[in-house]
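**Student:** From first to last, the protein sequence lines stand for chains A, B, C and D. If you read the first sequence in my numbering, its first letter stands for residue 1, the second for the next number, and so on. If you read the second sequence in my numbering, its first letter stands for residue 138, the second for the next number, and so on. If you read the third sequence in my numbering, its first letter stands for residue 275, the second for the next number, and so on. If you read the fourth sequence in my numbering, its first letter stands for residue 412, the second for the next number, and so on.
Derived lysine to aspartate or glutamate pairs resembling EDC-like cross-links, with alpha carbons at most 16 Å apart: (1) 355/C <-> 409/C; (2) 498/D <-> 337/C; (3) 281/C <-> 346/C; (4) 7/A <-> 36/A; (5) 355/C <-> 405/C; (6) 7/A <-> 72/A; (7) 7/A <-> 73/A; (8) 224/B <-> 63/A; (9) 87/A <-> 200/B; (10) 118/A <-> 49/A; (11) 361/C <-> 474/D; (12) 218/B <-> 268/B.
Derived Cβ-Cβ restraints for the label pairs, each shown as a range: (13) 65/A <-> 497/D: 34 to 44 Å; (14) 535/D <-> 403/C: 51 to 61 Å; (15) 113/A <-> 455/D: 43 to 53 Å.
To give an idea of the interface, some chain D residues facing chain A are shown, with a C-beta separation under 10 Å as derived from the structure: (16) 420; (17) 423; (18) 424; (19) 425; (20) 438; (21) 439; (22) 450; (23) 457; (24) 460.
Since the hints were derived computationally from the structure, they do not count as laboratory data. Think of the CB as a built atom: it goes at the ideal place given N, C-alpha and C, for glycine as much as any other residue.
There are 4 protein chains.
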Amino acid sequence: MVTFEIKIRVRYNETDRMGYLHHGVYPVYLEIARTEMLRSLGTSYRQLEDSGILLPVYSLNIDFKLPAFYDDELTVTCEMKMLPVVKLIIGYNVYNQNGQSICTANSVNAFVNSQTRKPIRAPESFLKKFEQYFDQD
Amino acid sequence: MVTFEIKIRVRYNETDRMGYLHHGVYPVYLEIARTEMLRSLGTSYRQLEDSGILLPVYSLNIDFKLPAFYDDELTVTCEMKMLPVVKLIIGYNVYNQNGQSICTANSVNAFVNSQTRKPIRAPESFLKKFEQYFDQD
Amino acid sequence: MVTFEIKIRVRYNETDRMGYLHHGVYPVYLEIARTEMLRSLGTSYRQLEDSGILLPVYSLNIDFKLPAFYDDELTVTCEMKMLPVVKLIIGYNVYNQNGQSICTANSVNAFVNSQTRKPIRAPESFLKKFEQYFDQD
Amino acid sequence: MVTFEIKIRVRYNETDRMGYLHHGVYPVYLEIARTEMLRSLGTSYRQLEDSGILLPVYSLNIDFKLPAFYDDELTVTCEMKMLPVVKLIIGYNVYNQNGQSICTANSVNAFVNSQTRKPIRAPESFLKKFEQYFDQD
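Modelling step: build the complete structure from the supplied sequences, incorporating the hints.
**Tutor:** In structure tokens, the structure reads:
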């Protein structure tokens, strides 16, 4: 299993007239956590794209439990339970600065050839970086 | 059952370097469809909020099937199967201009008192506008 | 001179905790007005890009006079005083539904070759659509 | 004079189909730099708002010189040349990781009473934090 966490501060423009972090911003925070997790494992998502592999989102499920507010410093955790051979499946938890879980989510991304836009298997060089974190029996 | 549809044109800033409508924009499109559905039924969401009732999102599930592109004119359909007594549960389908379904989704919003931020029952005046669309046995 | 106007409704996620349309959204509204003005003159900005010409923004000046609010239906007017031979220079005025001018702005875009990313002259086919609106002495 | 700088990484959703950081995101980056500059001087913008003072933007001028790209780590510098008695006037410079200036800008914010929404003088406690940086002859 791979786990990762990152802190993200709520921007002013991301709040809405309720005073809440708008729910449409959470997918962006999840994406930041996801790409920073990849970076922490030695994979730049930018380089991945530049090498001809896209990782579009296939599904996203989000449960909002408590609101977040302007200037809150949130912690987004990621958890990847399976080696991302054809799909990158990640679970998320978002915590506010009081340690309360305010949101849980999961996402599925698939590897796609940037020319053909068809699904492909993750490149070996990519998988190599993850293998040590998963049981290989 | 209540159904509704609206057309939304993809803005330039909503695309990303893949050339796709960024997945984080879909919650915004769903929200627009949801509020315009309410407007079509005689309820302005702005007036609802001004009268002291908020409708924060509690959950959001989105499946992305095909990408959308800059300047596409998408059709977002909404379907509400239950009278929104304490929750507003809506199913969505997003179609591109070729009539292909590119995304399905559902959302749950709850009625909240804007002062106490506690869940409440939808106001009678609100429910009155929906009752004709649902079986009342 | 070319003039154009378009109505844009303020989206919920575009408001901030002050309850105002966030100032960072105005460039997006100006861009929508600009591209719809081009469309009204027979030029799709998407087709322009697909044909290898980009129109990045070089400068943007905005004066904010009055706030706009959620669900406001704003009118954005555009005015182009010069034939866009190498630059597209546009003046804007944004009005709220009470007819008050809430914002004035101007933008400069330049024509750029999408391969070389170097400035170019606007294509003749593009200019042809504008010539009738400008004095040609 | 007060100067400040902050690093901001370009998010995926902030890019557009040209592959550029969308020009509409720069006002957001400037705002982040502005509020972090205030924080560095001991003033939380959130607390300022909570105490009844808003700081809406009155004008914004931006010159875009070079594009920024996904995952770039930009440096935004701020420079405040005058004590912000009734207005906060700030000059900005945005640099890419190669040290190139890609954007210059300036903004004017005004102090406004959040109840009356009328312009006011900055509170003394706020000004106190800035006075040491300015000549007081």
